[in-house]
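Just need the whole structure built from these sequences, with the hints factored in.
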Amino acid sequence: MGPIKQFSIKVSVFLALVVALFVLIAGVNAIYVSNTAFKLKEQQHVLVLGDSNTKCAFDESEYPSCANLSKAADSYFYSYLRLKKLVAENPGIDTLLLGFAPHNIFDNKRHRANEYLYSRVNKYYFLMNAEEVGFMWNQNPGGAAYGALAIVKQSLTNLAAVPKDGRALLDAYGAYGPLDRQILDEDVERLHRGEGLPFFNLPDTMAVSPTAMEYFDRIVSFCDERGIKLYLVNTPKRAELLAYPDYGVDVFNSYYDANYAHIDYLDFSDLPLAEEQYADLVHVHKSGAQYFSRMFEEQGLPALMQRYGRPTKP
Amino acid sequence: MIFNSLDFAVFLPIVFALYWLVTALRARNLIVVIASYVFYGWWDWRFLSLILFSTVVDYAIGRMLSTESAPTKRKVLLWVSIGVNLGLLGFFKYYNFFLENFVSAFSLFGQELNPRTLNIILPVGISFYTFQTLSYTIDVYRKQLEPTRDFVAFAAFVSFFPQLVAGPIERASNLLPQFYKVRDFNYSKAVDGLRQILWGLIKKMVIADNAAEVVNTIFDGSGDYSGSTLVLGAVFFAFQIYGDFSGYSDIAIGTARLFGFDLKQNFAFPYFSRDIAEFWRRWHISLSTWFRDYVYIPLGGSRGGNGMRIRNTFIIFIVSGFWHGANWTFVVWGALNAIYFLPLLLTNRNRSNMAVVAGSKFWPSVREALSVLGTFGATVLAWIFFRADNVGHAVEYIGGIFSTSLFSVPELLPLGTCALIVGFTITEWIGREHQYAIEKLGLTWHRNTRWLLYLGLVFLLIAAGGKQQDFIYFQF
Chain A
1 MGPIKQFSIK
11 VSVFLALVVA
21 LFVLIAGVNA
31 IYVSNTAFKL
41 KEQQHVLVLG
51 DSNTKCAFDE
61 SEYPSCANLS
71 KAADSYFYSY
81 LRLKKLVAEN
91 PGIDTLLLGF
101 APHNIFDNKR
111 HRANEYLYSR
121 VNKYYFLMNA
131 EEVGFMWNQN
141 PGGAAYGALA
151 IVKQSLTNLA
161 AVPKDGRALL
171 DAYGAYGPLD
181 RQILDEDVER
191 LHRGEGLPFF
201 NLPDTMAVSP
211 TAMEYFDRIV
221 SFCDERGIKL
231 YLVNTPKRAE
241 LLAYPDYGVD
251 VFNSYYDANY
261 AHIDYLDFSD
271 LPLAEEQYAD
281 LVHVHKSGAQ
291 YFSRMFEEQG
301 LPALMQRYGR
311 PTKP
Chain B
1 MIFNSLDFAV
11 FLPIVFALYW
21 LVTALRARNL
31 IVVIASYVFY
41 GWWDWRFLSL
51 ILFSTVVDYA
61 IGRMLSTESA
71 PTKRKVLLWV
81 SIGVNLGLLG
91 FFKYYNFFLE
101 NFVSAFSLFG
111 QELNPRTLNI
121 ILPVGISFYT
131 FQTLSYTIDV
141 YRKQLEPTRD
151 FVAFAAFVSF
161 FPQLVAGPIE
171 RASNLLPQFY
181 KVRDFNYSKA
191 VDGLRQILWG
201 LIKKMVIADN
211 AAEVVNTIFD
221 GSGDYSGSTL
231 VLGAVFFAFQ
241 IYGDFSGYSD
251 IAIGTARLFG
261 FDLKQNFAFP
271 YFSRDIAEFW
281 RRWHISLSTW
291 FRDYVYIPLG
301 GSRGGNGMRI
311 RNTFIIFIVS
321 GFWHGANWTF
331 VVWGALNAIY
341 FLPLLLTNRN
351 RSNMAVVAGS
361 KFWPSVREAL
371 SVLGTFGATV
381 LAWIFFRADN
391 VGHAVEYIGG
401 IFSTSLFSVP
411 ELLPLGTCAL
421 IVGFTITEWI
431 GREHQYAIEK
441 LGLTWHRNTR
451 WLLYLGLVFL
461 LIAAGGKQQD
471 FIYFQF
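Chains as they are written, first to last, in this note's numbering: chain A, 1 to 314; chain B, 1 to 476.
Straight-line C-alpha distance at most 35 Å; calculated DSBU-like pairs for lysine-lysine:
(1) 361/B <-> 440/B
(2) 10/A <-> 440/B
(3) 467/B <-> 440/B
(4) 361/B <-> 264/B
(5) 39/A <-> 286/A
(6) 467/B <-> 39/A
(7) 189/B <-> 10/A
(8) 73/B <-> 181/B
(9) 5/A <-> 189/B
(10) 189/B <-> 153/A
(11) 84/A <-> 41/A
(12) 109/A <-> 85/A
(13) 189/B <-> 264/B
(14) 84/A <-> 467/B
(15) 264/B <-> 10/A
(16) 264/B <-> 75/B
(17) 109/A <-> 39/A
(18) 39/A <-> 84/A
(19) 85/A <-> 41/A
(20) 467/B <-> 109/A
(21) 440/B <-> 5/A
(22) 264/B <-> 5/A
(23) 5/A <-> 153/A
(24) 153/A <-> 440/B
(25) 286/A <-> 84/A
(26) 467/B <-> 10/A
(27) 85/A <-> 467/B
(28) 75/B <-> 143/B
(29) 143/B <-> 189/B
(30) 153/A <-> 467/B
(31) 467/B <-> 286/A
(32) 109/A <-> 286/A
(33) 181/B <-> 5/A
(34) 10/A <-> 181/B
(35) 143/B <-> 264/B
Calculated directly from the structure, the hints in this document are not laboratory data. Predicted, not measured: the structure shown is a model, and the values here were computed from it.
Right, dumping it as structure tokens:
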């Protein structure tokens, strides 16, 4: 056998071993995570999904029947993946509170960025079917490929993680995240100066994202098919942001009225909170989360819908 | 494209296959040229014109030098080459720096100027390939090298993709002749090349990129941290820049070996140096020897009185510093190293430590250990200037170190990264007598055990690799 052929064969065999070990680790991780991260407590029948808005707003200790699996910067695609798995593992889920705000429906190029995909592929690979893999790949093939390489690192992190509060891997797949910061004044100043905000990206465009809404629609259909009551939730935001033209509240409301007015929508965006109950323009402080969550616990969803629901059409 | 990227992982096997599929020497050299231009053009295809221009000019000058015997005309040809190459480098790298400092100097006299600065993009690798081609024309001028008639071989020498963008800066006398002879595939050399690539990737992705995250945090907020944390930041930067730069060199040398080429060692375990002179014999060897042979020695070197030696030493170190970037921090870094070096030179102790520290023993003597630690400390202090945003930032950083909080517990203590650095340093220490740390590791083991080692290193790379950072020397 010539030396090049010998070299090529040995390199190929070695690479095959690497791939085999990779698949083994990824497989073990998938089984482990499937059996730990998505098991909720029995009393948790209300599921909360969304991005950082809902992540910081629903305090499970104040609203024990909810399980908050929101994740910062999430798009509806990832919320949908988690929803499918959570419902499969927890048949007691009968209600979904889904984050719904202007920035969720407009096109967000950050969702296609390398770093974004890098941090998600390694967590969601085993939750996706072929079509969903294709969707993710089409967002940014390079980013998706890099994210695949991170599966080993994430797997080892997962396997070494200590379960907390009866649920392993908190925040890898979403969790309540109380916010301690209070930078409302600085945020208002930045908004007036037209500067970027440190913990929130204003929409780049008022164009509704077809890909975001594709998976929003799938969430709606999924809930409909399984008899899960869906409420869209817009968590409290400051008036300065709601009035800001580039935030797109009017476009957003018109879009809802035209397309989703048949879905219950709890609009708390202008809920009057004390200043210290805001962490910044778009997130509530942990004290605000306690107050907000207690409302749900004490009043219940039907009552809240009567008071804060945007008028729906059947 | 960068070495630790999927693009390169696809590029390399394709080029490897094409290269060894053809047998004709000229065809192989042409594949090297095409692959190198694709590699370089991946960043920005517009800069291919610069490297092509530099190649054509120096090839032509080499040919003219071969037929020109008149000393004055030969000198003119040499200076044309120097002018073209340094002119390109000067314009792209230093135009705005000189302009801004010129304006600042005028403002000291109460004159305000408003010249136009240009939005100049620094072409990747320009500091490296201009020096590489200059070494060719200077050696031809000195009649130390026969000028080449083979343009393809010369173009391949200038653009050779493994070392094009961050060195080693190869001498024409070493690399160019390798393009003249047929290269047969050597199994051992290729395997050794892969091992060196693997070690280079470990240095870059595991050591440098992990250290970089800590370094960036500490340097960006240096005013808020204790002295001990600032020390940690500086030490981590020492490992970041070593892992980054020597890692790149290892990957470059290893990649070249896959194609049958031998490049010179560029880093010889510099942090185990016992004095600063030894450090500069072991750090970025290709650049320091370039400056020695083409600047220091022509200036008179160490001949002449102390005055000349001091002058030449400062010139070399400051120019070397300035080569790294258009910022006064690099000049100060260079000057500081000159100050470290001079006492050794003037007392003729700059060649005291030529052999590897601790010989073939595992443990160094107490004196050796203290010398190594002292030299490391001095280089870390100098690195602060290298990393800082400006001289003021570096001075503040050093001031922050030498404060009452120097002996407090660091606010940031990334134990994982610390453990990686300790493990890495031990491995480097054990392998310090070789070209790279793991050159001989496992060669006598059973193949299965050796493969387990390789698998372990690959998975260390995947599992412990830090957030991807640019190679530091790409900005030079």
